[in-house]
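There are 2 protein chains.
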Amino acid sequence: MRQNSSTDIDTAVPEPSQASTPRAVDRWMLSLLQRGFGTAPVGFVLWDGTQSSPPDGPTAGRLLVKDRRTLVGLLLDPELNFGEAYSSGRLDVLGDLPSLLEQTYRAWEQEGRNRRPPRRFTLRRPNTLRRARENIHHHYDIGNDFYRLWLDEQMLYTCAYFPAPGESLERAQVAKMDHVCRKLRLRPGDKVVEAGCGWGALALHMARHYGVEVKAFNISTEQIRYGRGRARAEGLEGRVEFIEDDYRTIRGRFDAFVSVGMLEHVGREKYAELREVIGRCLRRDGGRGLLHFIGRDRVRSLNPWIRRRIFPGAYPPTLRETLEAILEPGGLSVIDVENLRLHYARTLEHWQERFEGAVEQVRAMFGEPFVRAWRLYLAGSQAAFATGWMQLFQVVFAHTGDNDVAWTRDHMYGAGS
Amino acid sequence: MRQNSSTDIDTAVPEPSQASTPRAVDRWMLSLLQRGFGTAPVGFVLWDGTQSSPPDGPTAGRLLVKDRRTLVGLLLDPELNFGEAYSSGRLDVLGDLPSLLEQTYRAWEQEGRNRRPPRRFTLRRPNTLRRARENIHHHYDIGNDFYRLWLDEQMLYTCAYFPAPGESLERAQVAKMDHVCRKLRLRPGDKVVEAGCGWGALALHMARHYGVEVKAFNISTEQIRYGRGRARAEGLEGRVEFIEDDYRTIRGRFDAFVSVGMLEHVGREKYAELREVIGRCLRRDGGRGLLHFIGRDRVRSLNPWIRRRIFPGAYPPTLRETLEAILEPGGLSVIDVENLRLHYARTLEHWQERFEGAVEQVRAMFGEPFVRAWRLYLAGSQAAFATGWMQLFQVVFAHTGDNDVAWTRDHMYGAGS
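Just so you know, the protein sequences line up as chains A and B, in that order.
The numbers in my numbering rise by one with no breaks, and the one at position 7 of the first sequence is 1090.
The numbers in my numbering rise by one with no breaks, and the one at position 75 of the second sequence is 1158.
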């Protein structure tokens, strides 16, 4: 039954109150909050049980707002304070969090919110070498023990490639590495540079299975240490060099340039520097490049809570922005683009399941607010990819006019792939 | 041997003179012209045999400038007057035309001319419905008899897809149609709209082999008549409707939108109208779109001679421009991009060979200047694709957030492809 959102406030289902009794002003704020959620099928419950419902009913669940401070915060800056309140436990979900987020994003996408121009007054600090290091330390140096609890065995923290949707995460991450290597047409003896190598799985995979030499850059101390350990253990030190440094320090010429999951952390202000690095390090005759990154269909700021708590300095660009700032002025030619958005949604489903399976250990390590923050981040990311709020692009490129490019894509889909 | 271009002028090899004896001013103009060609390995010969060579020698051949008017014209507006002089026979090539053009483009690409900003003061008239009709009539209504002389048997006048470089043109054009149909994931019963259908080969192919219903739009009277004739002859009138009208008049909802080789003729000023057409005619749940078009890596005006004599109103956009003006603001999501530049170079090799094989008939129909203009246009186009001066993009898209997209590209490369 279709109801008017602003009048559907009643106190029929009281909840244990832990704050003051709602006053007229609270009900008025509640109606504003409900209106702000638009057609999202999400209702609200205040601390005393006062309820509010959206036009078509709260089919995705209700949000329990536990005190007045939270209600005010959600009105003033919903994008930031939803995450803050949820993590601290002042906001709860009565229903399934991933499903509630996905239905909300889908409703907002259909309303066209994704197409609204971004906020104009967001303060963004460029990622200087020092700030880049701080930002990356913030997220990636939480501790390898933490990531080992819920990533695949090779510790890949980027979108997997599922040959079929039911494939295991372990196999899908290996398939992703092969997908990338095939797109790069790696040949034994090639010199490859990897910008932002995570825990080193792709660098080691390329060296072991494709016979190439890899220089792998990363500014996360913990990740580099881990990668070096694996290289030693697997006898690949001679073929994979892990370099704890910024991508901007890359020197030399390479047959292939690859970067998986780093562009999101570069920041728009620094695309010219990345372009310069690619331009000088990629061979002009037969050099192949690949950028794998989280992107958008429309320009939009990153959610401010994600930027504050999860990924400082991050920005997912549109495909157009990467063309405008990196590929076109860099004298580079787009060979192939693939959008793997639904593969990232699937990857995040696996991560969520594993995270919840290890949640007691995570709670013991970092406490409940951390658990709730990461639960929200993983569920929100899955919802964003599942609804088209975010994209995952793989872009293959070469210098303009270089004819040493693949004739067709058949080599990527041959027997055994 | 490296020589200085401006001093390498001598009169050692006199040619039969047909104009006045060169004066000091002619030699000065010749040295300017030579300098303007930069590192292109192309020399010049004036009407009396006066020669000029580029820094590394005229390894690609020489251009014979037959009179002073042509020399002046080449200096004032080389891009326009090269074509004008060549067509009229006032300029000749001593050497192989396609190879000379290809080496010139390659040298210029390496000099970075492709990256220079475009001219600012080009007058471009928007393609109103009436002007679009005139422009298309200019090129496509020359007569089906002419195109039949050198196109494949199904009359496809767009880039073919060669599963292997040695494939025949006939088979490569069929492979192209199947490549497009697979990218669109056509299913029996689908309603498909084609914007700019040429002589109708793709529309008929889709209906016959994929069991879909097609509405095919084109404003070329001769092409539509030809397509209707084929539909009748092949018993496909009930499934393919050829509509002699502009793409802007498309109405209704379709499972697939396809346009092969039309975007180049739309003109930047009208991208918003095309976007509006796609947005309203493509189903929001499971609608698949494909744009196949000649593009660029960098913004550049179309060669003014091509625009005047061959394709009035045409403009090949960069991938960024199509994202900026059509896909991003249209609420569309890029699923797949493939660059088939080298396939177009190969297609043009076939066309040139067939054109030269039928050149006596073409000369009898239209005269020598027409033959020379088309020879230059075909050779110049081949050179442009072979050197990266032009690109051929196939872009697959859907409405943002539509999850009825292909899980992988495996369906395009299965057995039998």
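Take the hints with a grain of salt, since some may be wrong.
[As the list claims (entries may be wrong)] Covered stretches of chain B, going by a simulated chain A footprint (3 or more residues, C-beta under 8 Å):
1) 1163–1176
2) 1290–1304
3) 1342–1349
4) 1395–1407
5) 1418–1430
[Stated by the list, open to error] Part of the chain A face toward chain B, derived, beta carbon under 8 Å:
6) L1116
7) D1228
8) L1232
9) Y1496
These are computed hints drawn from the structure, not numbers from a lab.
Don't be surprised by glycine CBs; every beta carbon is placed ideally from N, CA and C.
Inset, instruction - Against the structure, test the hints numbered earlier, and report the numbers of the ones violated in rising order. - result: Result: hints 1, 2, 3, 6, 7 and 8 break, sorted rising.
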